[in-house]
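Spelled out from the first residue to the last, the chains are:
4 protein chains.
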Amino acid sequence: MNHFISDNVTGAHPAIMDAVVACNEGIAPSYGNDELTKTLNDAFSNLFETDVAVIPCTSGTAANALSLSLIAGPTNAICAHEHSHVYQDECNAPEFFTGGARVSPIHGADGKLDLGALSASFSRKGDYHAAQPSAATFSQATESGSVYSLAEIKKVAGICRANELKLHMDGARFSNAVVSLGCSAAEMTWKAGVDMLSFGATKNGCMAAEAIVLFDPSLADDAMYRAKRSGQLLSKMRFVTAQLLAFLDNDLWLDNARVANNAATSLAEGLSNKSCAQLASVPQANMLFVRLDVDAVAALEKAGLAGYVDAKGMMRLCTSWRTTESDIQAFLNCLT
Amino acid sequence: MNHFISDNVTGAHPAIMDAVVACNEGIAPSYGNDELTKTLNDAFSNLFETDVAVIPCTSGTAANALSLSLIAGPTNAICAHEHSHVYQDECNAPEFFTGGARVSPIHGADGKLDLGALSASFSRKGDYHAAQPSAATFSQATESGSVYSLAEIKKVAGICRANELKLHMDGARFSNAVVSLGCSAAEMTWKAGVDMLSFGATKNGCMAAEAIVLFDPSLADDAMYRAKRSGQLLSKMRFVTAQLLAFLDNDLWLDNARVANNAATSLAEGLSNKSCAQLASVPQANMLFVRLDVDAVAALEKAGLAGYVDAKGMMRLCTSWRTTESDIQAFLNCLT
Amino acid sequence: MNHFISDNVTGAHPAIMDAVVACNEGIAPSYGNDELTKTLNDAFSNLFETDVAVIPCTSGTAANALSLSLIAGPTNAICAHEHSHVYQDECNAPEFFTGGARVSPIHGADGKLDLGALSASFSRKGDYHAAQPSAATFSQATESGSVYSLAEIKKVAGICRANELKLHMDGARFSNAVVSLGCSAAEMTWKAGVDMLSFGATKNGCMAAEAIVLFDPSLADDAMYRAKRSGQLLSKMRFVTAQLLAFLDNDLWLDNARVANNAATSLAEGLSNKSCAQLASVPQANMLFVRLDVDAVAALEKAGLAGYVDAKGMMRLCTSWRTTESDIQAFLNCLT
Amino acid sequence: MNHFISDNVTGAHPAIMDAVVACNEGIAPSYGNDELTKTLNDAFSNLFETDVAVIPCTSGTAANALSLSLIAGPTNAICAHEHSHVYQDECNAPEFFTGGARVSPIHGADGKLDLGALSASFSRKGDYHAAQPSAATFSQATESGSVYSLAEIKKVAGICRANELKLHMDGARFSNAVVSLGCSAAEMTWKAGVDMLSFGATKNGCMAAEAIVLFDPSLADDAMYRAKRSGQLLSKMRFVTAQLLAFLDNDLWLDNARVANNAATSLAEGLSNKSCAQLASVPQANMLFVRLDVDAVAALEKAGLAGYVDAKGMMRLCTSWRTTESDIQAFLNCLT
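Going down the list, the protein sequences come from chains A, B, C and D.
Read in order, the letters of the first sequence correspond to residues 82 to 417 in the numbering used here.
Read in order, the letters of the second sequence correspond to residues 82 to 417 in the numbering used here.
Read in order, the letters of the third sequence correspond to residues 82 to 417 in the numbering used here.
Read in order, the letters of the fourth sequence correspond to residues 82 to 417 in the numbering used here.
Only chain A is shown next, with the shape it has when bound in the complex (with noise of 0.2 Å):
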């Protein structure tokens, strides 16, 4: 099986299962209104140093959109990157969820969006003829393997505040991102400017699992709303929640996000040996991009390990919290 060719093809991480499994005693409130799923905020406030509301999502199409639609209307743009999975992968989601707001594609080195082009996505303020961007949106880390630093979230948040913008966060990758950057989740969100975050936690070790966090908590009633209306307001609420408290549980969040992100240190390490490989960049998270002899790509197909290619021709390739450095040594082995 393919471990490579992305970091949701793993299942669920045994603590989770654990969790699901020890949630499941007994009788328990419907849609949210359980023990387990009472204390969401207070995990989340704890870990983020301040006063968040959260909504459990079981997708990250979900998180997103669902942000999204609390912070721009119908008549509004939505700043993105043009390679973003919000603009990419989402399949209308966030036009759906706001009902017709606009997603501005928004150019950018590193998957990261570009300040001067986020910049002049403004230039049409108060012309009733462009929808007004009132939000944006960034991935952290990026679709590109990039982590963002704090001071590029910064100026990004600041950019935004001058203008009147709410900044979300797709944190599809959360974990990994700060692991890479060794902060806090505080520091790497509100404390730099962050407004709302989709809090990844499939990819990282759940079943299906995501929480909104809300630095404004004002906004959850509206949320709350909007999560029931999507589908999202699950009755046995319970067993997502118990999944995300496992997560934060003992940061096996960080955990699993270092042993993705030193898997991948140690790909591109060994991808830095083979002739028959480039690599776009050193790593940041737990994703990389490489270009690769037609040989090369030829062999991992036939050994069913090749990742995506892009329509530049790189391969990306991610690690997991379940990469093992014998995953490694059998994918660089088929590389001659």
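Don't read these hints as lab results, they were simulated from the structure.
Given the structure is predicted, the values throughout are model-derived calculations rather than measurements.
The beta-carbon is built from N, C-alpha and C at its ideal position, and this holds for glycine as well.
Do not take every clue at face value.
[Said to hold, decoys possible] Below, a sample of chain D positions facing chain A; criterion: calculated Cβ distance under 8 Å:
1. P155
2. T156
3. Q169
4. C172
5. E176
6. A182
7. F203
8. Y209
9. A211
10. N331
11. D332
12. K393
13. G394
[Said to hold, decoys possible] Below, in silico cross-link-like pairs of lysine-lysine (BS3-like), each with a Cα-Cα straight-line distance of 30 Å or less:
14. A:K383 to B:K393
15. C:K119 to D:K272
16. D:K272 to D:K206
17. B:K272 to B:K236
18. B:K393 to C:K206
Starting from the structure of chain A, add chains B, C and D where the hints point.
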């Protein structure tokens, strides 16, 4: 804890949980491309004795609204019982998923669509000023605890077909209805004229698993894009699939429903011997409605065993696959 | 030709047409930046004796739906009479413009909202499973030909205010109602608690001109973007504005409505002398409902003068600013 | 007053106004059931030499967005030039009318779709994570003042057909393009592979009248419900129809466009003799772009004759059916 307030307070049946744990072995392609999910259409086709396409969902609201979006566009109307979950309890999910279709409330005794009222709702066919009915939905079992007979379903379906409406069944309690009628899944659906089904599994023993069953598999492609767009296409889909397959396996779905239905019958019998209680009707599935004396309500509330009381003073009581004879006795013992 | 089938079969009043022709002189900035349109807010503020913002529209459906979109979001409900134009005759325009709000039908005699039913519709406040009412709309004059008294409007408005709903008035026949009550435009709207108004002009003498009147001018900005988005921001807006200004000029709107209302009274008097006719009630505005013998209906149909007959066998007859005494006599002469 | 800032600053051509006045005689059935509107399909079918269905609209934005909603659903993408009116100047109207389709920006020189970029936008066919292109739209004449040749249209249409996309033409300046190419309306549309057209009449001499022309008349029914739902089905439709019919009558549309195009040519010739001016290209329709010295811009602004200046410093100048030789001379006289 209150066992009778809803059938969604129960957790997961052990066999479901075992299946979830079991499917966690190894890695698997994401977004439903795993080996387990590939068998889903076959498993349901086998159950329904015809080729069907299945779209897994994580909530009944999503399953209903996504289903309806396949058969009702934004200038259409959807005929639904005025007391149905679709009309009352989904916070505009049908309007959301369909892009603004009208849900037209239809009255009718026992939670069932009145055939005359249904027909009357088609009176403005071809009038550009009125949303055109293109779909009808009904719940089986109903939210009033009743069950449509096969003949009744055929009548509803006949009216729909004659007026070019597609017919959706909200089967949140599908299992309970099948057990109640003693018929096959096929007989209660496509053989009676039903076009699509929200096959409910969560209430009857799963964690979070519902299946849209399309008796016209050509709709599956549209449904998949809509599933993705609404955040229902899970990356680790196998965890939902595993629940659904285990639910079907060895007729667990029927066994569980039988327990629930029998518990309702047993509870009703017990109540019929209480002078403080007046049953609305003989329960047909796993729900019953009872009018209780003030003292009786107070006693139940004190014991934490009261069900919802509606505007007309009727208390709703649900039973489940987990309800035991001792649960029932504890309830009855509260009443003098 | 059938004069009585609707008040929108008439063309434009000569004074309106003259104004349209007159405003065609020279060139003018587009999209409402012309000198004429700049005076629109002042003209309506003068009429309503308070600062208002005006959004011109080309149809009543657009005016109603756009108005409602300012006060009801996609997880909200809008309370409307079950026989209202908004609920019956706009082919899901409210759902469309609001992004999926529910229009909740409220019953009530004479086309007026029943206060108890209105209040009952708020019973699920704070329940995430139910769309939350945020707006109510009522028609003045109503589609049943009745007119709310000022006291009645204040009662509706009081209930709305107490429950944090905004109140919209569908004034397709606003002029007729003002004439009927003999009050001022201010008294019938904001002084009675109305938050916004679809001020109808088309039926009463314009070609295609309606005005959304916002008693809270801070909503104008949102409304303008929504107007553009829905295709209501005309490039040559002056042609709509000219109609609205001429409509207000010299109280043309009141004069026209007086003709129409008097014609209805006159027609009703004539009908009250016919044994074949049974009036539903004394007309209060420019519409009346009458039950006619089969022969009478046939005679009218033969003469091309029959109005719409509803499901209960009542024929609706409308009068207009163009209805003459001879039109009325021609109608009555058909009846023996 | 500034004649050159846009072709929508002009009022209505006298013949259009005469037709509007003339159609005001007597009463007429509403909502397009009048005798005039009944001839609309025939008039346009005659013009286009094939059976077409026509939906009148009151703005170009409505015509474009409503058209696109017929061929792009909420999980689809619409390919449009990145500088097109549809993408830039309609404040999310396409997203609104389609229920959330993505408008995918396609680059290309001279305001025309680059064929390679268009083809590249189809690369994710069948991928549930990406909105599926189902429609393309292009402007004829373009917003850059250029005109697609018939061969160019056929190429775009060929690519669309090969990829199962429907092709919409935004003909806000349709007349100018037909005159420019010297071809027939049929040759420039369905004979070249265009599926539907927003036929613009407002800019070229009407008050507020656009026509959606459907070369597949079977779409008319869906279009009518959508027209009603969006407030485009006017009660007194004859006033729009009268404009459209007068516009076609005696080839007024062609005569007007010829005046406008010739004025652009004349203006360009005048500018080519000015050392302060550098034309972007020879105008093909009624728009031209010119780079002017700072002093020249200042002089025009002082005289109130400056056009819009874009981000690249090019001034846009529009001519119209009302532009006279003396208007042009007045403009040129401002420049030394």
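To see whether the hints hold, each was checked on the structure:
Given hint, P155 of chain D at the interface with chain A, holds; its Cβ is 6 Å from that chain's nearest Cβ, closer than 8 Å. With a least beta-carbon distance of about 6 Å to chain A, the hint placing T156 of chain D at the interface is held under the 8 Å criterion. Hint status for Q169 of chain D relative to chain A: holds, with the closest Cβ pair at about 7 Å, below 8 Å. At about 5 Å, the closest approach between the beta carbon of C172 of chain D and any beta carbon in chain A falls short of 8 Å, and the interface hint on this residue holds.
Checking E176 of chain D against chain A: minimum C-beta separation of about 4 Å stays under 8 Å; hint holds. Taking 8 Å as the C-beta contact cut-off toward chain A, the hint placing A182 of chain D at the interface holds, the least distance being around 7 Å. Restraint check, F203 of chain D versus chain A: the minimum CB separation of about 13 Å is more than 8 Å; hint violated. Interface hint at Y209 of chain D: satisfied, since its Cβ lies 6 Å from the closest Cβ of chain A, which is below the 8 Å cut-off.
At about 6 Å, the closest approach between the beta carbon of A211 of chain D and any beta carbon in chain A falls short of 8 Å, and the interface hint on this residue holds. A hinted interface residue such as N331 of chain D counts as satisfied when its beta carbon comes closer than 8 Å to some beta carbon of chain A; here the least separation is about 34 Å, so the hint is violated. Annotation: interface hint on D332 of chain D violated; nearest CB of chain A at approximately 32 Å, more than 8 Å. Residue-level restraint check for K393 of chain D is violated (minimum Cβ-Cβ distance to chain A is 13 Å; threshold 8 Å).
Of the supplied interface hints, the one on G394 of chain D is violated, with its beta-carbon coming no nearer than about 14 Å to a beta-carbon of chain A, more than 8 Å. Using a Cα cut-off of 30 Å, the hinted pair K383 of chain A and K393 of chain B is violated, with the two alpha carbons roughly 68 Å apart. With a C-alpha separation of about 45 Å, the suggested pair K119 of chain C and K272 of chain D falls outside the 30 Å cut-off, and the hint is violated. A C-alpha spacing of about 27 Å is found between K272 of chain D and K206 of chain D, which places the hinted pair at or below 30 Å, so the restraint holds.
A threshold of 30 Å between alpha carbons decides the hint, and for K272 of chain B with K236 of chain B the separation of about 12 Å falls inside it, so the pair holds. Between the alpha carbons of K393 of chain B and K206 of chain C the distance comes to roughly 18 Å, so the proposed pair stays at or under 30 Å and holds.
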